[in-house]
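One letter stands for each residue in the lines below.
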Amino acid sequence: MSRMICAATAALGVALAAPAAAEEFKWAVTTDPQTMDPHAVNSTPVLGFLNNTYEGLVRRGKDMSVEPALATGWEPIGEGEGWRFTLREGVTFHDGSSFDAEDVLFSYQRASSPESDTASWFAPVSEVKVIDAYTVDFMTTAPNPLFPSSIANWMIMDSGWAEANNATRPDKEAGNHATLNANGTGAFKVTTREPGLRTVLEPFEGWWGEAEHNITRAELTPIQNPATALAALLSGDVDFINPVPIQDVARLASNPDVKVVQGIEARVIMLGFPHEAEALKFSSDIDGENPFADVRVRQAVAHAINVPAILQTIMRGNAEPVNQLVSAAMSGYSEALGAAPAYDPEKARALLAEAGYADGFSFGLKCPNNRYLNDEAVCQAVTGMLAQVGIDATLEAMPVNNYWPELRADNFDMYLLGWSPGTFDAEHPIRFLVATPNEEKKLGSWNFGGFSNARIDTLLPMIQSEIDPAERQAMLDEVAQIMADEQAYVPLYVQPLVWGTRANIELTQRPDNFFILRWVTVS
Amino acid sequence: MLAFIIRRVGQSLLVLLIVGLVAFSMFNFVGDPIDNMLGQERTAEDIARLREQLGLDRSFFVQYFRFLQEALQGNFGVSYRQGRPVTDILLERAPATLELAAVSGVLAILFGIALGVFTAIRRDGIWAHAIMSASLIGVSLPTFLIGILLIYVFSVELGWLPSFGRGDVVTVGGWKTGFLTESGLKALILPSITLGLYQMTLIMRLVRSEMLEVLRQDYIRFARARGLRDRAVNFRHALKNTMVPVITVIGLQLGAIIAFAIITETVFQWPGVGLLFINAIQFVDIPVMAAYLMLISVMFVGINLAVDILYFFIDPRLRADRTGGH
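Sequences listed follow chains A and B, in order.
Its first residue numbered 8, the first sequence is counted upward by one per residue in the working numbering.
Its first residue numbered 63, the second sequence is counted upward by one per residue in the working numbering.
Each hint should be verified, as a subset may be incorrect.
When the alpha-carbon atoms are kept at most 20 Å apart in a straight line, the in silico EDC-like pairs for lysine to aspartate or glutamate are as follows [to be verified]:
1. Lys266/A with Asp108/B
2. Lys238/B with Asp102/A
3. Lys238/B with Glu226/A
4. Lys449/A with Glu219/B
Simulated coverage check for chain B against chain A, where a stretch passes if three residues somewhere in it have a Cβ under 8 Å from a Cβ of chain A [stated by the list, open to error]:
5. 63-76
6. 80-94
7. 141-148
8. 314-321
9. 337-346
Derived by calculation from the structure, the hints in this document are not laboratory data.
Fair warning: this is a prediction, and the values are worked out from it, not measured in the lab.
C-beta atoms are modelled at their ideal positions from N, C-alpha and C, and glycine is treated no differently.
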C-alpha cells in the first residue's frame, strides 16, 4: 500500500512538473547513439535510434518486410538497368522545409561520399538521375534485385538545412552541426540532445503518416551498468531497457510490474578457422603445420561441439541453433541445406585420427569478452568440449577493442565471430565473410581466416545481379552447401534478443534490434 | 624559500609529464579506437585512412608530444566518440562531479566528526560500539556494492529515491546545478552517501582515536579538576586539539573524493567526468582519457604542492632542513 502511495505521489510530482507530459516514455540502452548524423556511422545504436527521426525512401515493417516510406512506389528500369522511385508528395522536414527529389540526390551524394560510413550501400549505383521533383532514377552497374531493400536504412536529409549549417558531408572526426542536431521527416523530432546523457524526442506534428503511438515525449538515457539499468526498470524510473542480462530474465519474468520481450536477433555466432595460415601460431606441440587446413579437422570441431548444451546452460534456452551463416528469418536462407553436424564426439575423434591427429594437438582460441551475449562463457564451453575429443584450446578472451586488431593481424588459430547481415539477406555474409579477400573489390573484409573458394567467388556477382528469385535461391543454396561441405565456419546459434519493459507498455520487437518508437503505446 | 617553491613546482611538473607519458604508453593496451568509429562495412582502406588522420600510426612518444603541444595551447583535441572538443565536454560534465563531491565531502566531514566525537566520549556505550562495528562496513565494503544495495533498498523496494541520474538541473550562469530542484536534491542523496561513506568512516575513526589520545592528556585532566563542564572540556579543549591532523587528512581526501567518483558515477549513471572517463575507456576515446587523466593529476599534484608550501610556512624544521641543518 505504501508503495502505491509513493507511486501515486511520484506520478503526481511528474504531472505537476510537466502538465503536458501525459504519456511520457523513458528508455535506457547500453550504448548511446554517438551521433545524430545518419550517414556518419553505420551501427545499430545509431541507425536504430535515427530511424525514429529520419526516414528513407523505403522502410522495414514490423515483420522486416520492405514498405513505402518517402517513396510511394518503385519499379525496375528496363532489363535491370536500375530502379525508379516515385516520391511521396507533401512531406516536410522537422524545420518546415519541403521534401523533393533534390533532397534525395543530395542525400545520395552525402551518404556515398568517402567521408560517409554508409558508402558501401551505394557501390552498385552508377548514377542517380532526378527526372522530376518527385521521380528519381537509381542506375546500377548490373541488375540489382535487392537494391530497394538494401537502402532501407539510408535516410534522407534536407539539402537546404545541411548547406545552411555547413554539414553537407558527414564529419566523424571533428563533428559538425548534423552530429548534434537532427532534421528528418520522421514521426519524432529531437528536441534536446546531450551526448552520453540524454536525448529527448517529441512527436512531429507535421508527419505524413498516421500515428500508432500515444507518446507525447520520449527520453533516451544511456545506462552502461546492467545492474543500474535493471534497477531503473524495476523502480519504474524507466519504461524500457535494452538489453536485459540473460541471467536476470527468469527473475524479471516473475515480476508482475515488468515484462520480458524476447526474440531472435539477426546475428549468427560462429567459429572461424585460419584457412590460409601455414602453421598454427599458438600451438605447443605442433610446429610448421596447420591442422585446420584439413576439412576433416574442421568437421571434427563441428561434431565435437554440443550446441544444444551451450544454449541450454549458457543461454538458458533463449537462443536457437543454426546450420548456416544467416538465420531462417533472413531472405535467401537456404531451406535446402541439411541439418548442422550433430554432436558426436566419437565421430570427431575418428575424423581427427583420419586426418592424422589421433593424439590431438593444442592451439589458441581467441574470443571477445564484451561483444556478444556471454561470449567468453561460450568460448569456455567450446574449449571444454574440444578437449573431450583431444584437441586442447588455450582460450584467450579480451575486450572487443583489442579483439579486432588481433584478428586483423591474423593472431589466432581459431576465433569467435558474430555476424548480423545489414541487408537481411544471405548475400551479405557471403560478401563479407566468405568471398576471397580483395581490397579493390571491397570483398571479404571480415574474412579473417582467408577462406577462398573459386566457385563461390564466381557465384557471388551472379547472385548479386540475378533477378529471378528461384535462380537466385538456387545459387544461394549452392553456396550454403559448399560452405557446409567445406565447413568453412562452424555456425553455432542465433543470438537472442531480450528487452524489458514495464507492464503497461506495448511495443514491437524487430530482429534487427531497432527500437521503433512509433509502435509504442503506454496504457 | 623561493628556491624551495621553484624546486617543488619543478618536481610537480616532472610528475605531470611522467603521468602523461605512462598514460599514453598504456593507451595502446586499451585497444583500437578505429573499430568503434567505423561500421561493419568498412574497408581496409577506410581503416588505414582514419588511422593516419588521427595520427594513430605514429609511436606513442609522437602522439604524446603532439598532445602536449596542443594541451599547452589549451586544446585537448576532439573526442573520437562524440566528435566535439574535449574541453567543452569536460566543462559540461564537471559541475555534476563537483556538486556530488562537495555534498559527499560535507556529509563525510559533518557526520565523521560528530560520530567520532560521540564514540570517543561514550567509548564504552552500546551505541558507540554499534557505530564502530557499522563503520567497518563503510571501510570494507566496495563502493559499487554499497551503491547497488542502496538502489535496491531505496529505489526498487521502497521507491523513495531515483535509481539513477541527476534529476532536473537548472542553469545558473553557465553552471548546471541540481541544488535548486526537488528531483535534483533527491537524486543527490544516494550517490553522495555512497561516495562519502568511506571518507566519513575514515574521518570518524581518525577523530575518535585522536580524541581518545587528547582526552588522556594532563591538561584535560587538569581542566576537569578545575571543575569545567564536560561540554567545555570535550569541545573547547579536546576537539580543538584533535583538529590539526584531521584537517590535513580532509584536505588530502578532497582529491580522492573527486577521483573515486568514477565508481559511484558508474553505478548511479551520474553524468559527471568519472562516467565520461569510463565510457571513454570503453570506446577507446584517447583524447578524453588523456585530458581526464591530466586533469586529475594536475589536481592531485596541485593539492600536494599547496600542502607542501603550507607546511613550509607552518613547520620551521622544514626550513632548517632546506639550509642543510641536520
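How the hints compare with the structure:
1. Lys266/A with Asp108/B: With a Cα-Cα distance of about 42 Å, the restraint between Lys266/A and Asp108/B is violated, given a limit of 20 Å.
2. Lys238/B with Asp102/A: Distance ~28 Å between Lys238/B and Asp102/A Cα, so the pair is violated.
3. Lys238/B with Glu226/A: Roughly 19 Å between the alpha carbons, so the hint for Lys238/B and Glu226/A holds.
4. Lys449/A with Glu219/B: Given pair Lys449/A, Glu219/B is violated - Cα atoms ~54 Å apart, limit 20 Å.
5. 63-76: It is violated: at least three residues are needed, and the region 63-76 of chain B offers just 0 whose Cβ sits closer than 8 Å to chain A.
6. 80-94: With 4 residues closer than 8 Å to chain A, the region 80-94 of chain B meets the three-residue bar; holds.
7. 141-148: holds (count 5)
8. 314-321: Violated - the region 314-321 of chain B has 0 residues with a Cβ nearer than 8 Å to chain A, which falls short of three.
9. 337-346: holds (count 7)
Checked against the numbered hints given earlier, the structure breaks hints 1, 2, 4, 5 and 8 and satisfies all the rest.
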